[in-house]
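Undergrad: Here is how the chains run, residue by residue.
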Amino acid sequence: MDLVLVNLIDGLVTGLLLFMLSAGLTLIFSMMGVLNFAHASFYMLGAYFAYQISIFLGFWMGLLIAPLVVGVIGAGVERYGLRRVHQYGHVPELIFTFGLALLIEEVVQFIWGKDQMPYEIPGILEGAAFAIAGNTIPLYKVFMIFLSLLIFGGLLYVLTKTRVGMIIQAALSYPKTVEALGHNVPLVFMGVFGVGTALAGVAGVIAGPVLSTFPGMAVVLGSIVFVTIVIGGLGSLFGALVASLIIGWLTTFAKAYDVRMEDILTGIGFTKPDPIWDSAWQDLWTLTSPQIADILPYLLMVLILIFRPYGLFGKRDA
Amino acid sequence: MTAALEITNLRKSFGQTEIIRGVDLQIMPGERHAVIGPNGAGKSTLFNLITGRFPQTAGVVALHGHDLKGKAPYEINRMGLSRSFQITNIFPKMTVFENVRCSLLWSMGYRYSFWNMVARSRALNEGAEAILEQINLQRRRDIPAGMLSYAEQRALEIGITIAGGADVIMLDEPTAGMSHSETDYIMDLIRDVTEGKTLVMVEHDMGVVFGLADRISVLVYGEIIATGTPTDVRANPRVQEAYLGAALEAEH
Amino acid sequence: MTDTTHNTHSDVLAGSGLTLAKALPWLIASAFLLVMPFVFTSNSAITIMNQMAITIIFALSYNMLLGQGGMLSFGHAVYMGVGGFLCVHIMNWDQFFGTLPLPVLPIFGGLFGMGLALIVGSFSTRRAGTVFAMISLGVGELIAACSVIIVVFFGGEEGISGDRTYGLPFFGIEFLQQIEVYYLTAFWLVLSALGMFLFSRTPVGRMANAVRDNPERAEFLGYSARWVRFYSFVASGFFAGIAGGLFAINYEILTEENLNLATSGSILLVTFLGGVGFFFGPVIGAIVFTLLQTVLSLQTELWALYVGALFVATVMFFPGGLAGVLMMHTPPLVLGKLHLLVKPYIKTLLPAAICILATAGFIEILFHARHAAIGDDQMTLFWMTFSHANPVPWIAFGAVALGGFWLARRNAPELVETWHEANTDTGARP
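Residue numbers (the working numbering), protein chains in the order written: chain A, 1 to 318; chain B, 1001 to 1252; chain C, 2001 to 2430.
Worth flagging that the hints you see were computed from the coordinates, not collected in a lab.
You may find that some hints are simply not true.
Said to hold, decoys possible - When the alpha-carbon atoms are kept at most 30 Å apart in a straight line, the in silico DSSO-like pairs for lysine-lysine are as follows:
(1) B:K1071 with B:K1197
(2) A:K141 with A:K114
(3) C:K2347 with C:K2337
(4) A:K255 with A:K272
(5) C:K2022 with B:K1093
(6) A:K176 with B:K1093
(7) B:K1071 with B:K1093
(8) C:K2022 with C:K2347
(9) C:K2337 with B:K1093
As the list claims (entries may be wrong) - For each label pair, taking beta carbons as the anchor points, the in silico distance ranges come out as:
(10) A:L3 with C:F2318: 51 to 61 Å
(11) A:L57 with C:F2317: 30 to 40 Å
(12) C:G2398 with A:S212: 34 to 44 Å
(13) C:Q2095 with B:I1143: 52 to 62 Å
(14) A:L68 with C:A2353: 34 to 44 Å
(15) C:T2426 with A:L68: 52 to 62 Å
(16) A:N184 with B:E1018: 34 to 44 Å
(17) A:G267 with C:G2277: 55 to 65 Å
(18) C:A2369 with A:S212: 18 to 28 Å
It should be emphasised that the depicted structure is a prediction, and the values quoted were computed from it without experimental measurement.
We put the CB at the ideal spot given by N, CA and C, even for glycine.
The shape of chain A in the complex, shown without the other chains:
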């Protein structure tokens, strides 16, 4: 039972981190109809910038400045790249962001090289926050949870309670009307793209020290973020939240509990072939849940798309 609690917290951290990325991606998608393939690359940029800044000014300044820089770069990409490609349609836009992801990875390697960066947790956040039956929960994880919740609270407030939020929400559904009412919709688009990428940047800043900062970090997380928003339903912020948490918990629990296929198969009455290395089914028999933890999200996505093509909370015509 106590282990369950520890895993719940671990899964929550992963889930919230995923949501920080998928929230930005969803905002951008529902507003502009563009799936930003380079979204995880902005997450990576966040981590690298924060590392670079932390060398000179410390972790906290990195946390403050890096997302801003990432957001500005994101807005620039929208203004000078996407807006140009927009006229050709959505598929070229997706191809553009795909190319951008490749390019950002190469640029990061050009500047920082291929090795992992020694970007670490600040001293004040080291150590354990509390312990559950002998399992310590690191202070940094608690910090990550609080920071994400704070940001989501802020985002929710801006979207639902402020004038800017109203305009954004209206522009989501009726961009032409909102433009006719005298609002600068291209500017709103650019702003949303900037904020979305800045959110990814924040995720990078806080994930960099624990998930390690290296040129492949965007690829590792990138596809999972897509899977998340597809499972949640393209364009649904709530769906993205639910899917992020499901994936966070699913992978954490699959890794923590070593469920073995052998036990399941013998449990339902099969006999294990002997010797196992001669059997054509050896891979099935030796399968364990930690082994497949990383492919579970993809499996879940394929299943969802077969049975619910619009995702968990997707609108039919998204």
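We have chain A already, so just place chains B and C on it with the hints.
TA: Coordinates of chains B and C only, in the frame set by chain A:
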């Protein structure tokens, strides 16, 4: 004789609002029927319901006596109903000739064939040429359809619609946005190509409606308030009041 | 004007037979393939040509989806991959492989790729656009990840390897030499390319274009957009599997790398670079990309950066790819005004090329300065050897880049003007 198209108590709601409120309509084979009505009366919605673009909330649409409920657009098309669109709906990157040839493929029985070469079928290419001649676009046959003028695109749209040989043709505002001379041209074209077929059309231009239609239905706020020959409809006091009066006055 | 229309008109009607004009490009290409090994005789050149041929087939099969059918896939590598894996398994299955001439092997790869496409396509082709792209990504990642789990088939991290020479000798040829493999590959290249070209001329191939342009209209013509996509998808899986079989024959080893997102992404890059709008676009893309990959990667560590930049620039400025740029010159050619463009091209594009090369040089120095081992400050660039600590090369490359940029910019309006002129029919032609 079975009606070509029979609509019984058709209803459609979007959320709380009922747009089509119990439409009954019977169109006989060979009839040219026009649906008119003021803006927002639900004409295009009615069209989209009949052709399976939207699912209906209640009621029955029957084509030659067969219920169309739950049928996908391509199934309805195969049963002999073809439609055009209010907003030009062609294949912009393909040539004019390709546009027409593609619309002939299914009716000529090619289905999902990947063992026939389209260029080798004499019937297919001659058929496409004949349609091009009918819609008077032979000279534009090799340019991408997206580069045609608006009137030409509308003509192509009609060509695509009739090419498949469907016996019920539905045209959604075929002359929308056209000049007078273009309208006359399209009207003649429609009269030619729908010879011997059932035609259902939504139209704003009263000249076109009275010039083409055998019978007219007037749709107001999702209900048909009158159906009859052009003369009957013109004389109907309810129609005068609801719609035509204003329009006719404006015309004079 | 009416004359030409009339000609094409009767041409199509009479064109039911095979005409020389239609067969000519294929005959030239085949002759070209036959002669190439006599021009480039080294083993490494033949290896590069083999790789090119495989990439061409793969890219053409990819363009059946992207260019012909409007389906953007991020997981096309798996169809080529599984085809290749199966072929290696067949190579290792002595009793069967001993009775099988090697040139037949790619068929099995094709059938296996097609089988997988049948399964995946049954649910992935319901929608095009973003949804299709995401499913292809998910399925691709899933299968790539499975490669380390299903060790029996994929061989885990090391992959699986075989030996092509154990097959039944084919007219005495055992395929010990690269050149023999080259002709096998070239044969399949012509066959597959022809197959894919003819597919695009069938009713379902034509409807694939229609569904790409306007799925709703296609539905109102009696075709289910979903099934049209499905057939294209399955056919594309078949040809990708053929490419996989050829890969297996050439390299005799397949690993996880043949399945993953990087490979799927690079074929997107190849195809788009070449141009999705024309049948021959992917062919150009595959040739250029393979050359960049093999030749440029020998010259610089940063080749992937340049290719990435080239790709992004292509998407932004030339969405028609290289084939699109080439075909833009058809109207001036028809109008007989192509020669007008020569001078402005030299005046604008030459400085632009110099600017790009100098910028690349500058980037190379910067890269060397940042990442070279301490004490190793000597580098060679454009046949010059210098120290990156010396400011002169920095200034020189920077200045040349800026100068080239300035010149190209100054002359660009003239090019634009001439371009318009070359595309306008002034009626002054003979």
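Undergrad: All hints are to be evaluated individually against the structure, with a verdict given for each.
TA: Verification of the hints:
Proximity of K1071 (chain B) to K1197 (chain B) is assessed by CA-CA distance (about 22 Å); at most 30 Å being required, the pair is judged to hold. Our distance criterion of 30 Å between C-alpha atoms is met by K141 (chain A) and K114 (chain A), whose separation comes to about 27 Å. For a cut-off of 30 Å, the pair hint linking K2347 (chain C) to K2337 (chain C) stands: about 18 Å separates their Cα positions. Taken as a hint, the K255 (chain A) and K272 (chain A) pair is honoured in the structure, with Cα atoms around 24 Å apart against an allowance of 30 Å.
Pair hint K2022 (chain C) plus K1093 (chain B) holds up; C-alpha atoms about 23 Å apart against a cutoff of 30 Å. Restraint check for K176 (chain A) and K1093 (chain B): the C-alpha separation of about 26 Å stays at or below 30 Å, so the hint holds. At roughly 29 Å between alpha-carbon atoms, K1071 (chain B) and K1093 (chain B) fall within 30 Å of each other, so this suggested pair holds. Distance hint between K2022 (chain C) and K2347 (chain C) is unfulfilled; the C-alpha atoms sit about 37 Å from each other, more than 30 Å.
With a CA separation close to 26 Å, the supplied pair K2337 (chain C) and K1093 (chain B) stays within the 30 Å bound. Between L3 (chain A) and F2318 (chain C) the beta carbon distance is about 57 Å. The supplied range of 51 to 61 Å therefore holds. For L57 (chain A) and F2317 (chain C), the hinted distance range of 30 to 40 Å is satisfied, since their beta carbons lie about 39 Å from each other. A hinted range of 34 to 44 Å holds for the C-beta pair G2398 (chain C) and S212 (chain A), which are about 36 Å apart.
Look at Q2095 (chain C) against I1143 (chain B): about 59 Å separates their beta carbons, and that is inside 52 to 62 Å. A hinted range of 34 to 44 Å holds for the C-beta pair L68 (chain A) and A2353 (chain C), which are about 38 Å apart. Look at T2426 (chain C) against L68 (chain A): about 55 Å separates their beta carbons, and that is inside 52 to 62 Å. Against the hinted window of 34 to 44 Å, the Cβ-Cβ separation of N184 (chain A) and E1018 (chain B) comes to about 38 Å, which satisfies the hint.
Hint check: G267 (chain A) to G2277 (chain C), Cβ distance near 57 Å, so the stated range 55 to 65 Å holds. Between A2369 (chain C) and S212 (chain A) the Cβ separation comes to about 26 Å, which falls inside the hinted range of 18 to 28 Å.
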